[in-house]
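K.L.:
What follows is each chain in one-letter form.
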Amino acid sequence: MELDPLILSRIQFAFVVCFHAIFPVFTIGLASTIAGFETLAYKTGNPIWQKLSKFWIQVFAVVFGIGVVSGIVMSFQFGTNWSNFSYATANFLGPVLSYEVVTAFFLEAGFLGVLLFGRDKVSQGVHLFAAIMVATGTFISSFWILAANSLMQTPDGLMNIDGIYHVVSWTDSLFTPSFGYRFAHMALASFLTASLVVAGVSAWFVLQNRELEANKKALSIALWFLLILAPLQAVVGDFHGLNTLKYQPMKVAAMEGNWETQPGVPLLLFAIPDQEAETNHFEIKIPKLASYVLTHDPDGVVPGLKDVPAAERPPVFIVFWSFRVMVGLGLLMIVFAVWGLLLRRSGKIYTSKIFLNGLRLMSISPFLAVLAGWVVTESGRAPWLIYGQMTHAQGLTPSLTGGMALFSLIGYVLVYAMVFSAGIYYLLQVFKGGIEHTDIPHELTTVERPSRPLSAAHIAIDEDL
Amino acid sequence: MENIYDLTIIWAGIIGFGIMMYVLMDGFDLGQGILFPFAPNEQARDTMMNSVAPIWDGNETWLVLGGAGLLAAFPLVYAVFLPALYIGVFLLLAGLIFRGIAFEFRFKAKTSKYLWSYSFSVGSIVASFAQGAVVGAYIQGFETEGFAYSGGALDWLTPFTVLTGFGLVVGYALLGSTWLILKTEGEVQEFAYNITPKLLLGLMAIFTLVCIYTPFIDEFVYTRWFESISLIWVLPVLVLYCAYLVFKHVKQRNEGLPFVASMGIFLFSYLGLLASKWPYIVPPKFTIYDAASAYNSQLFLLLGFLFVIPIVLTYTSWTYWVFRGKVKEGGYH
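Protein sequences appear in the order of chains A and B. Each residue of the first sequence is one higher than the one before, starting from -1 at the first, in this note's numbering. Each residue of the second sequence is one higher than the one before, starting from 10 at the first, in this note's numbering.
Excised from the complex, chain A in its bound form (with noise of 0.2 Å):
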């Protein structure tokens, strides 16, 4: 069998990218949280909330490290796989990206380490900026990224010379049509993640009568959030979506599984979409509805993925099945938001066996949301790397082999296999410790000193507790 380098490539970057987005999109919600747990320490004195803080200050610390090791694989992926592309958007790309780096280590030479080590060092008030500095910092971060991706999906302020992108506006450039609303969207989704960690971890907590005040308080505070942020997301995912059908009108037909370009188009609530024979199986549909959603109108015009040839064509079972899995879930966590709301009208909330439950388990539901999302978007824009102008593969590297290719991806697989599985552990056995842990005096022994993000945690990996 032939080894394709391109598929292999795209599943590498797939895999090390899915990896990676998980960890950053809680550590960014997770700062602000941290920022307002600090904050109201500050403004009301009461010692709970800086227990609260510390204990979350110690999941930042594991989250942010171990998001760090794989966000160095991500920069030289773009070299290694994707040359021909790095090298013709280097005069955008290069600058955006050291950008991030830049941020990311002014963040953490200045303050991460005054947060996470310097509680006891510093004023309070100095501990809060910091904190309120850590947040803003991974906003920074995050601008950047996504202002890379964004041009991606929608360029913009370029100007193609021999092949080679030139920016002719750095104002452009950065802020593409796309761009508001995909921050907006990402924004929203590390806020969502954060406040669903955070309830499903207290949910936790509270079901075994641990720290009751100190959890109740954090899970009252996280269903707050849930609350607005949830139904927040909907209103903007769907001008996301809006934006999208004005740029990438393939991507959008791909998520509603609609072939043809007419009008009145239903939305399809089930069907096995038939990339070959350019139709759906199976569908269960509502009238009209994906008209009226998209254009406001039932019996609006909606594009169809028969208007491009089929080589221009996104995989469209991929991405209409993400984008239900992202919705979905979405919507799963409006009712639970608003169940709490209920329960929490009866006095119910923080004894109700189901519900807590079921917040501990939807403590997984963002990170697979905004996987989800994530694919939809990139998937959504193949075939293209640069959307209408570079195909991937143009984009990949010419002297790469199908071997090579399949050498490094079953290599990061194995790597971030040993690597994030001890990881992730360490952080269960964080929140096993709970936020009593946080309690204990804790003297710095002089082989953990204050250097490093996990050294703020003072949990053994391979000990029972």
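Warning: the hint list may mix true and false statements.
As the list claims (entries may be wrong) - With the Cβ distance kept under 8 Å, some of the chain B side facing chain A (calculated, not the full set):
#: 1; residue: 76
#: 2; residue: 84
#: 3; residue: 87
Claimed, not checked - Residues of chain A clear of chain B, computed beta-carbon distances all greater than 10 Å:
#: 4; residue: 41
#: 5; residue: 98
#: 6; residue: 186
#: 7; residue: 208
#: 8; residue: 301
#: 9; residue: 362
Hints were generated in silico from the structure; no laboratory data involved. Note that the Cβ used here is the ideal one computed from N, Cα and C, for glycine as well.
For chain A, the structure is supplied; the task is to place chain B on it using the hints.
P.N.:
This is chain B only, laid out in the frame that chain A set:
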């Protein structure tokens, strides 16, 4: 836009400085991993790791900064080196990940400690070897078509690059052992005093081989060194002088100077390499000007780098200041 300043030269300076900083600084902490198998006992290994634990990740900052800067300032280097060294880059990253994770977890582990020691040691050796092979591959040059690499997956792996790979492993071990002389005492320092001359001898042997080998695989280098006898010959002489200093000060049981002198060996070898190849950055065809990105992209990022490099330098010096002095058994006191 009018190109008022030659930013390409400035960027060559920044990247060159970044690589040098990386080699000097990450070199001695990679060296700890290379020396791990030879350490007298487990306690010594703890001390060795402790001596670099607070600073190693700051040292690796330079690698990431240099890598990102390359894509921005010299995209051709990025787009040729990474595909050409595909397998090597994978090994480098895998090595760095394993040793990085080992730093985190070895201190938190009890029963699984030995696994993290292996992870630290193997990761360090693999990453160092891969870096050395990159140097060798740079000297060899790259087969290109248009602006893309057109050679095979393992073209970089030749007897010459294996030699430079081992050279850097031994060199980093030397930086590591002289660092230990400076930062430790007692048993570990004694171990370092004993192993340093052997490493020095090994390094000088490889250095000589590389020097003899290089002009014969690269005509350009041959011309530069032998057409007209020039100032360039000062550099290898300085390397040998530094080697002599290491030997002398180890003999006299001086604590600081062996480390400084081994850094000198690296510095002058590096300058010698640059002087041999200048202005070629993707040999044999492309100079720094061929490889440079657009003027306005170089300018855009330069502003950020001018802002962040002083911060990284300040932060780095501050960390070294905080952790100055000897590392005792169990850590800094």
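K.L.:
Taking the hints in turn, state whether each one holds.
P.N.:
Quick rundown of the hints versus the structure:
Of the supplied interface hints, the one on residue 76 of chain B holds, with its beta-carbon coming within about 6 Å of a beta-carbon of chain A, less than 8 Å. For residue 84 of chain B, the interface hint holds, since its Cβ comes within 8 Å of a Cβ in chain A; the closest pair sits about 3 Å apart. Of the supplied interface hints, the one on residue 87 of chain B holds, with its beta-carbon coming within about 5 Å of a beta-carbon of chain A, less than 8 Å. Distance to chain B confirms residue 41 of chain A as a non-interface residue, since its nearest Cβ pair spans about 31 Å, more than 10 Å.
With a cut of 10 Å on Cβ distances, residue 98 of chain A falls inside the contact zone with chain B, its closest approach being about 8 Å. Residue-level check passed: residue 186 of chain A sits 28 Å from the nearest beta carbon of chain B, beyond 10 Å. Distance check on residue 208 of chain A: its Cβ is at least 23 Å (rounded) from any Cβ of chain B, clearing the 10 Å threshold; non-interface status holds. Here residue 301 of chain A stays apart from chain B, with its beta-carbon at least about 35 Å from theirs, past the 10 Å limit.
The beta carbon of residue 362 of chain A sits about 24 Å from the closest Cβ of chain B, which is more than 10 Å, so the claim that it is off the interface holds.
In this structure, the one hint that does not hold is number 5.
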